[in-house]
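So the chains spell out like this:
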Amino acid sequence: MSASDLIKQVEFNMQVCNACRYCESYCAVFPAMEQRLTFSEPDLHYLANLCHNCGSCFYACQYAPPHEFNVNLPRHLAELRGETYRNYAWPGFLGDLFSRNGLAVSLITAVSFALFMLLTFYFQDPAILFSAHTGEGSFYKIIPHNVMVLTFGAVALYVLVAFIVGFVRFWRDMGESLADFARPVALGQATWDVLRLKYLDGGGEGCTYPSEYPSNARRWFHHFTFYGFMLCFAATATGTIYHYVFGWPAPYAFTSLPVVFGTVGGIGLLIGPAGLLWIKSRSDPETAEPKQLGMDVGFLVLLFLTSLTGLALLFLRDTAAMGMLLAIHLGIVLALFLTLPYGKFVHAIYRFAALVRYALERSRPAPNVTFE
Amino acid sequence: MIDLIQTYDVLVIGGGNAALCAALTAREAGASVLILESAPKAFRGGNSRHTRNLRCMHDAPIHMLTEAYPEEEYWQDVLKVTGGQTNEALARQTIRESVACLPWLIEHGVRFQPSLGGTLHLSRTNSFFLGGGKALLNAFYHSAERLGIKILYDAEVCELDIQDGEFRSAVFKYAGATHQVRARTMVAASGGFQSNLAWLREAWGPPADNFIVRGTPYNKGVILRALLDSGAKAIGDPTQGHCVAIDARSPKFDGGIITRVDAVSLGIVVNTHGERFYDEGEDFWPKRYAIWGRLVALQDDQIAYSIIDSKAVGKFMPPVFPPVRANSIKELAAAFKLDPATVQQTVDRYNAAVRPGTFNHAVLDDCATDGVTPPKTHWARTIDTPPFFGYPLRPGITFTYLGVVVDQHARMIMQDDKPSTNIFAAGEIMAGNILGKGYLGGIGMAIGAAFGRAAGKEAARHVRQ
Ligand SMILES: Cc1cc2nc3c(=O)[nH]c(=O)nc-3n(C[C@H](O)[C@H](O)[C@H](O)COP(=O)(O)OP(=O)(O)OC[C@H]3O[C@@H](n4cnc5c(N)ncnc54)[C@H](O)[C@@H]3O)c2cc1C
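Protein chains in written order, with the working numbering: chain E, 1 to 372; chain L, 1 to 465.
These are computed hints drawn from the structure, not numbers from a lab. Warning: the hint list may mix true and false statements.
What the hints assert, rightly or not - Derived BS3-like pairs (lysine-lysine); straight-line CA-CA distance at most 30 Å:
1. L:K41 to L:K311
2. E:K8 to E:K280
3. L:K437 to L:K418
4. L:K437 to L:K457
5. E:K8 to L:K173
6. L:K233 to L:K437
7. L:K150 to E:K291
8. E:K291 to E:K280
9. L:K173 to L:K457
10. E:K280 to E:K198
11. E:K280 to L:K173
12. L:K457 to L:K418
13. L:K437 to L:K80
14. L:K150 to E:K8
15. L:K173 to L:K287
16. L:K315 to L:K252
17. L:K150 to L:K457
18. L:K337 to L:K315
19. E:K8 to L:K41
20. E:K8 to L:K80
21. L:K315 to E:K8
As the list claims (entries may be wrong) - Partial pick of chain L residues on the chain E-facing surface, computed with a CB cut under 7 Å:
22. P206
23. I257
24. V320
Stated by the list, open to error - Take a look, some chain L residues computed to stay more than 10 Å from chain E by CB distance:
25. L102
26. G118
27. K134
28. L152
29. G256
30. I258
31. T259
32. R260
33. H273
34. V313
35. V354
36. F359
37. P375
For each residue, glycine too, the CB sits at the ideal point set by N, CA and C.
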C-alpha cells in the first residue's frame with residue numbers, strides 16, 4: 001500500500017470505528033478518536049501511536065476482513081506507525097534503510113563493530129587480548145577507559161539528539177506546544193500508563209496476542225524487557241557514579257549495586273526479548289504488519305545478545321575469554337545504541353508522546369462533538 | 001468433518017446468541033451437542049454479531065448499569081412499544097432472565113463496558129458488551145470449544161424431518177454435498193427471514209427490492225419455513241419487523257450499526273419529489289428512528305434525503321459515510337438528482353414557518369414550525385447556514401417478527417396448541433411472541449438469552465428422561 005492509500009485506508013477505518021464505538025473500553029485509541037469528527041494526517045499518526053497493537057479490537061470487529069470494509073486497526077495502525085518512525089527519523093535516510101531491512105542492518109552493524117574492536121585490539125597487542133586479567137581496572141587493560149567513555153559518550157549524545165529531533169517534530173506536527181508537554185499531571189498519567197502497560201491488558205483479561213484467546217503473555221514479556229532494560233540502565237548509572245564520584249574502577253564485586261542491577265536486569269532482558277520473539281513467531285498473520293517484522297526482530301535480537309554477552313562477560317571475566325567477550329559485548333551494545341533511533345525502540349518515544357497528548361486532551365474541555 | 005453416525009442429544013441450528021446460550025446450557029447439563037451454523041467462521045453469529053447491548057432489569061446499580069430499572073418499568077415499556085401485542089408471561093420471563101443471566105454470561109467470558117459515547121440515554125437500561133456482539137460470541141464459542149461442543153460452520157440446514165411434531169433428523173449442506181444428522185432434540189435458533197429477498201418481496205411487494213438488510217445475509221428463514229410447513233403454530237405478521245432509515249450507500253447486507261444516520265431530527269427530510277413528508281422533530285431520535293424505515297419505505301423509490309446545515313455539524317453521532325456537501329440548497333439537490341427549484345421551495349417554505357425558540361437537542365425543546373405541513377414540532381431551526389449537507393436514506397431492515405409460538409420452556413407449540421415433544425425455539429425465530437410489533441432497544445439479546453437458556457435446559461432434561 002502506498003503512503004497515501006494507507007492514510008485513506010486508516011481514515012476510513014476511523015470513520016467506521018467512530019460510527020460504531022463498540023471497542024471503546026479496550027484502550028485509549030477509541031476515546032481519542034471520539035473527540036474528532038474528521039481525521040487529519042497528524043491525527044491519524046497520533047492515533048496510530050496510541051495503539052499498542054493488542055489485537056482485541058480486531059477479533060471483536062464485525063467489519064474485520066473478509067468484510068468489505070476491511071477494518072483491521074492493529075495491522076493498519078502498525079503500518080502507519082512504520083510511517084511515523086520513518087518520517088520522523090533523523091537523519092531521514094537511515095530511517096528508510098531500517099524500515100526496509102531492520103534485522104540485517106542490526107546484525108551487520110553489531111558484527112562489524114565487534115570485529116572492528118577485536119582487530120584493533122589484536123593489532124595493538126594480541127597478548128593483552130588473549131590473556132586473563134583480574135582485579136581493578138582489568139577491562140581497561142583491553143580498552144582504555146577514556147576510549148570507552150569517549151566512544152559511548154559520543155554515541156549516546158548522537159542518539160539523544162536523534163530522539164529529541166524526532167520527538168519535537170512529532171509533537172509539533174500534532175499541534176501541541178512544548179510547554180504543554182511539561183505539564184505534570186499529563187506527564188504523570190502517561191508515565192503511569194507506561195509503567196503498568198495499561199493498554200496491553202485488552203480492557204481487563206489480557207490482550208488477544210498472539211492469538212484470539214486473551215492472554216497476558218505479551219504484557220509480562222514486555223515488562224521483563226522494559227524493567228530489564230531499566231535495571232541495566234541503572235547498572236550503568238551506578239557504575240558511572242562509582243567511577244567518577246567514588247573513584248572505584250570496574251569490575252565490581254558480584255554483590256555490588258551495578259552488578260546486581262546488571263545481573264537481574266540482564267536476566268529480564270533474556271526472558272523478555274526471548275518471550276516476545278517466541279510469541280511473535282506464533283502471532284496471527286492477520287494482525288501482523290509483515291514489513292515491520294525485520295525491524296521488530298532486529299531490535300529484540302540485539303537486546304537479547306546484549307544481555308547474553310553481558311552476562312557471559314560477567315561470569316567469565318576472570319578468564320582468558322574476557323578480552324574477546326568484551327569486544328563482542330561492546331560491539332553489540334554499540335550497534336544497539338546506534339540503531340535505537342531507527343529501529344523498534346522509537347515506539348517508546350512516539351507512544352509516550354501520544355499518551356501524554358491523550359492525557360492532555362482528556363484534561364481539556366471536550367470539543368464540540370456532543371450528541372446528547 | 002464431524003461424526004454423523006452418532007445420534008446427538010441436542011442439535012442446535014444457528015450460531016448466534018440464542019443458539020450458543022442453548023448449546024452451552026445443554027452441554028453443561030451433560031448433553032452431547034452439535035451446532036450447525038450456515039455462515040463461515042469469519043461471519044458466524046448472525047445478527048448477534050452486530051449487537052452492542054442487552055436490556056437488563058435491575059433494582060439497584062449493578063455492573064456498569066446506573067440507578068434502577070425495575071421489572072414493572074421494563075414491562076410497561078414492552079407494553080407501550082407493542083401496543084399490548086405481547087404475551088405477558090413470556091415477556092416477564094424475558095425481563096427477569098435479563099438480570100438472572102448476567103452472572104452466567106460473565107462466567108462464559110462475556111465482558112461489559114460503560115455505555116458508549118453518544119448513548120448516555122441507555123446507561124440505565126442497557127448493558128453494553130465490551131467489543132460488541134462479536135466479542136460476546138467469541139467468548140461463547142471459546143467456551144463451547146472448551147466444553148467439547150461440536151461446531152460445524154458453512155453448514156446450512158435445508159430440510160427437517162418432523163413427524164407428528166417430533167423431530168427426527170435434519171439435512172444440511174456442507175462442502176458441496178448434503179448430509180443427514182440425527183438428534184434426540186432440536187433447538188431452532190436460526191433467526192428471522194429478513195435476508196431472504198424473495199420472501200421479503202412476498203410480504204412487502206416490489207418496494208422490498210430497495211430494502212437494505214442491516215445484518216447477516218444468512219438468516220433466510222429456511223428453518224422457520226420448514227417448521228411452519230411441519231405444523232408449527234405461527235405468530236406475528238410477515239410484514240412486521242424492525243425497519244430503520246439508514247444510509248442509502250450501505251452495502252446490501254451486514255452494514256450493521258454504523259450505517260445509521262442520526263441527523264434526521266436536526267434538519268428536514270425530503271423525498272424524490274423534493275417534498276417533506278413527516279414531522280422530523282416528533283420525538284427523540286432513538287425513540288423515532290424505528291418508524292423512519294417504514295416512512296421511507298412508503299415513499300416513491302423507497303428513498304429520502306436528510307438535509308442539514310452547518311449548525312448541525314457535531315450534534316449527532318458521525319455516520320460512516322461522509323455527507324454530500326454543497327454550498328447551496330440547489331447544488332445539494334442537484335447532487336442528489338432532485339429538482340433544485342422544488343427543494344429550494346421546500347426549504348424556503350420550511351424556513352419561513354420556523355418560529356423563534358431556544359434550541360436544545362437534549363430536551364423536547366420549543367423550536368417548532370407554524371403554518372407548514374407536515375409541521376416540525378421540535379428542534380426546528382432554519383436551514384440557512386452553508387455549507388449544507390445531505391445523507392441519502394433507505395429502509396434498513398433489522399429483523400422480521402414472523403415466528404413460531406413457544407411456551408415458557410421454549411417448547412415449540414404445534415397448530416393443535418400442544419407442545420412438540422422435542423423441538424425448541426429461541427431468539428429472533430420466536431421473538432414475535434413478545435414483540436407483536438414495535439421494538440425496545442436491547443430486548444433482542446434478552447429474548448435470545450432467556451429462551452436460549454430455557455431451550456438448552458429443557459432439551460437436556462428431555463434427553464435424560
Ligand atoms: C445492526 C444490528 C444491531 C443490533 N443491535 C442490537 C442490540 O444492541 N441489542 C439487541 O438486543 N439486539 C440488537 N439487534 C437485534 C439482535 O441482533 C437480534 O435480536 C438477536 O441477535 C437475535 O439472536 P438470534 O440468535 O435469534 O439470531 P442470530 O444472531 O441472527 O442468529 C441466527 C443464526 O442462525 C444461522 N442460520 C440461519 N439459517 C440457518 C440454517 N438454515 N442453517 C444453519 N444456520 C442457520 C445464522 O447464520 C445465524 O448464525 C441488532 C440487530 C442488528 C441487525
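Hint check results:
no. : hint             : in the structure
1   : L:K41 to L:K311  : violated, 44 Å
2   : E:K8 to E:K280   : holds, 28 Å
3   : L:K437 to L:K418 : holds, 25 Å
4   : L:K437 to L:K457 : holds, 28 Å
5   : E:K8 to L:K173   : violated, 40 Å
6   : L:K233 to L:K437 : holds, 18 Å
7   : L:K150 to E:K291 : violated, 38 Å
8   : E:K291 to E:K280 : holds, 14 Å
9   : L:K173 to L:K457 : holds, 28 Å
10  : E:K280 to E:K198 : holds, 20 Å
11  : E:K280 to L:K173 : violated, 38 Å
12  : L:K457 to L:K418 : holds, 20 Å
13  : L:K437 to L:K80  : holds, 10 Å
14  : L:K150 to E:K8   : violated, 41 Å
15  : L:K173 to L:K287 : violated, 41 Å
16  : L:K315 to L:K252 : holds, 28 Å
17  : L:K150 to L:K457 : holds, 18 Å
18  : L:K337 to L:K315 : holds, 27 Å
19  : E:K8 to L:K41    : holds, 28 Å
20  : E:K8 to L:K80    : violated, 45 Å
21  : L:K315 to E:K8   : holds, 25 Å
22  : P206             : violated, 27 Å
23  : I257             : holds, 6 Å
24  : V320             : holds, 4 Å
25  : L102             : holds, 16 Å
26  : G118             : violated, 4 Å
27  : K134             : violated, 5 Å
28  : L152             : holds, 19 Å
29  : G256             : violated, 5 Å
30  : I258             : violated, 4 Å
31  : T259             : violated, 8 Å
32  : R260             : violated, 8 Å
33  : H273             : holds, 29 Å
34  : V313             : violated, 7 Å
35  : V354             : holds, 22 Å
36  : F359             : holds, 13 Å
37  : P375             : holds, 24 Å
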